[in-house]
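Could you put together the complete structure from these sequences and hints?
For reference, the chains in residue letters:
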Amino acid sequence: MFQVQHGAALYTYIAGAAVVSVILFFALTLVPTKLRRPLIMAVTFAAGLFYALEFFWPVSGPESDQKNFLTAYIKPFSDITTVLQSFALGLGVYSLVSIHMRKVARTQSGWAYSLVLIVSMIVMVIAHIGKEYIKSPWVHQLNDFAYSGLMKSLDATMFSIIAFYIVSAAYRAFRIRSTEATILLVSAGIIMLGQVAIGQAITNAIPNEGLTANFRVENMANWILKKVNSPAIMAIDFGLGVGGLATALRLWLSLERGSYFEEEL
Amino acid sequence: MRIPQLDRRVLYMLLAIVVSIPLLVNVPLPPPAITPPTKSFYETIETVSTDPKTKDKLVIISCNFGSGTLAENLSQLEATLNHIVSKRMKFAIFAFNDPQGRDLGGSTAQRIADKAGYKYGKDWVNWGFRPPQGIQSLLKAMVNDLHGALGTDVKGTKLSAIPMMANYKKADDVGLIIEYAASDTVKYWVQFFQRAGSTPIATLFCPTSVMANEAYPMLETGQLQGMLVGLKGANEFETVMKRPGFATRASASLSYSHLLIILLIILGNVGMIQDRKRQQGATK
Amino acid sequence: MKEETVKLIVILLGVASTLGIYSILYKENKVFRFFEHMYLGLAAGYSISAAWNDILRPQWWTLMMIEGRWWMLFAIPAAMMFYMIYSKQNSWMSRLIFGLFLGATAGQTFQSFAADYFPKFRTAASKAVMDLPEVNQPGAYGLTPYSAALNNVLFMVILASVMTYFFFSFEQKGKVIPSVSKFGRYTLMVAFGALFGSTIMARMSLLIGRMYFLIHDFVQVQLLHMQ
Amino acid sequence: MNHATWPARVILIVISAVIVWTVIAAQRGKKLFIRRIPGLTAIDEAVGRAVEMGRGILLSSGLGGIDVVTLQALAICTNIASAAARYGTKVQMPIYEAALLPIAEDAISSAYNKAGRSDAFSSDDVRYLSNQQFAYAAGVAGMIQREQYAATFLFGTFFAESLIMAENANMVGAIQVAGTPSTTQIPFFIASCDYVIIGDEYYAATAYLTRQPTLLGSMIGQDRVKIAILVTVMLGFLLTMAKLPLVKNLFEDKDMPAASYYSPAKGGK
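Protein sequence lines correspond, in order, to chains A, B, C and D.
Under the numbering used here, the residue at position 161 of the first sequence is numbered 161, and the numbers go up by one with no gaps.
Under the numbering used here, the residue at position 163 of the second sequence is numbered 163, and the numbers go up by one with no gaps.
Under the numbering used here, the residue at position 94 of the third sequence is numbered 94, and the numbers go up by one with no gaps.
Under the numbering used here, the residue at position 210 of the fourth sequence is numbered 210, and the numbers go up by one with no gaps.
Any given hint could be a false lead.
Sample of chain A residues at the chain C side, in silico, Cβ under 8 Å [claimed, not checked]:
1) 83
2) 116
3) 150
4) 184
5) 232
Derived contacts from chain C toward chain B, CB cut-off under 10 Å, selection only [unchecked claim]:
6) 27
7) 197
8) 198
9) 199
10) 207
11) 208
12) 212
13) 220
These are calculated hints, taken from the structure and not from any lab test.
For glycine and all other residues, C-beta sits at the position ideal for the given N, C-alpha and C.
Encoded structure:
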């Protein structure tokens, strides 16, 4: 049944699928309230089981390409979920546009900014989708302005603004108030000195060989990053991994009640 | 003297000034310590450019960065390309992550090539940008047929019609890959190209400092032969080469901004201690 | 428009948006608000275009209409279920499709746990005090067998004490456990300080890049015609 | 690891069984203890502050898509929202991933219902902002500056933008609680926020706030697994010393033939 079709047959099949979709969709609305929660739980469990089985089921085949009976479906399934998620973008756009359209329509305070938002959205869509279909140079120039001129530099600027915030955060937070704050400060200070030439210059006189090398600031910084940082981060990671796994289990088996799905259906 | 608590706007202004000055005028800076990845980066280029088996082969300059990480990646590109050119090796610019990489790489290469008397098409070439979606299959195809897989250069000329490309037809004709990247794109070279020919190709990596942490293990497994870590690595390389350039100037910005932060932290603490003493005095 | 003009406009737009965004550093103001809204609009437009150009067109439309996989149409009713949140009676259907995603993400956790953590368990479980391979590894200059062994013991001590700090199921009382977990907390602070310090370099590089754009691309090249 | 090795099968199933077992035991009424976690106690304090000041609360569930981390963030945010709704304080939540919007809206509105304040919920309060990292950050920064929130709660996956959001909230004097499994962002939260939830305190948060048996049971199960991991790793360390790499071999991955990589003759030194 699921065969590739072409030409007129394709359109017939698509129309047929559309009709079936409508019927299925309508049938879903008829599901009685009592069955809704079990249905949701079943779908959740099945989707999880698919991935879990694919991982746990014994595999065969050459070393570089081992698979089991489910492996071939992993890629199509993940492609489909990506497609569905892209469709969901409409929800976001609807939320954004409706809030700002309302502002413009009612000329609430700041409506002009909302208008800017909507106009720039439309311009970007025309330029960025248009450049794929329209050959004429104005679309490409519009794309240059909207994407390379504005979007890219807004991205880069917003990213770089963190440099300013890092200074004010360091200035405010790195105080010798408590033992912990002092440790934080000293450790950050050593790393900072060890990373730049000016800091390294402080200990340049110490020979970089034998025991004395340990007192050079860049070596101290390296030691902290490699030997203190990595086990501490690893220990945090272990806890996070187990926590994530436990949360996943609760969600998969629908053990969790109350956090979301609070309401009766 | 009483040290006041500074307003955040003053901090921001100071930072902007400290970062800008070294970009405008030359500011003295002590030489940085040379780290092992930089050292082996330099040694790899030395080996490849002198070994009779590899010295006439092509160098692929893979520019996978955009304007966002310009300070780090462009300084690495300038520093290393200068070295490649001084060794009279022929190179090809390539990009598959961001079209800006093609332009930034192309214009930098043009400038350096002009200065060194390199001719386009004879000594260097710009392969242009290919979209990231198809990069795996493209690299696989490039292994046996560079001309067929890539098609044309950035100007639309067929690669087979470009004089220098006559000698470079497959992966075995490539002697060195240098990847400049804002993300982990080097893995494509390692997985699909580096070991696909009859002999492995030396691969060097110039990541941003954030990306470097993930790449260290690849140095230990021998997948990478050297690495320049961000701006700092580029500065180290220029120091090894004794040819100060953009990286050295930008590193001055980097160094002095770190110094500024440390000074501010010290001032903040001194001010806090003074305040505390004053308060104690007041309560007595 | 000539290519030169396009280039000039692109740079001018870049300069305007850079300065507009930086203006929030002084305080929130009309110029920032203008660029903020423009940014949100552009980003929304970009997301829509990217969803079509990079996902829906190649992975759905082309497959359905050109390659003839007609059953791809069923993606539409499935996606419609997300939108049922706006229906009073059938909003449960949005939970149904959400359940699919939720199950899928939960099911993948087994694999991601094994892939992420097994190598880490292995690293931790294979720290040696004798017979140290690290001593001969590249980049390990200055490492003596003694210091390497010491470092590996320290690794285990830190790992154990930080993990102890994160045990929740018993009161941390007595002589040993509170001090172990306190040591754990202190090493955490060392680690966080180090993370902070090592990130500054990357962030400053970004700022240097932006400043270079303003100073070089705009002032020096466009205004003063320097090269 | 693309597919489970035999040790992986056994280990993962045992871990899962321990967790599910304690959850079921707790659901059947077994009494369980968890210790005080200071960062989590602060959540109530922050909500209280916002109520006193009469200004709103900002919730962010971070930059994750539909994944475990973000769902946990949503669960924490739901708890905060219901506490806030009880005192009639306004909550706003900018959303990053559009597919999360329905579920977030659903969760927050049920939190309002639970508090008996369904009238106070407006669907504009849970709004989509952007799925572009820095556009989202710019939008949140603008919201914080204009709305002058009394409290902000940042939970979920964060990247570099964490500091933009936290510093702006700090500027307007908001009391801030943040928690994230993105460990690299913790230092920035420590610098700008009043309370930071570190590591797997993040996953403990819902259990701690709601005291639900299921969640408490899960937490105790997690703790047992963590203790077992620590013991195993320690055992491995001791066995390695005795030149018996038994534990180490358990975690070997046969899918990655790491040893077959070749080092070119020169370089790599």
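Inset, instruction - Taking the numbered hints from earlier one at a time, note which ones the structure violates and give those numbers from smallest to largest. - result: none
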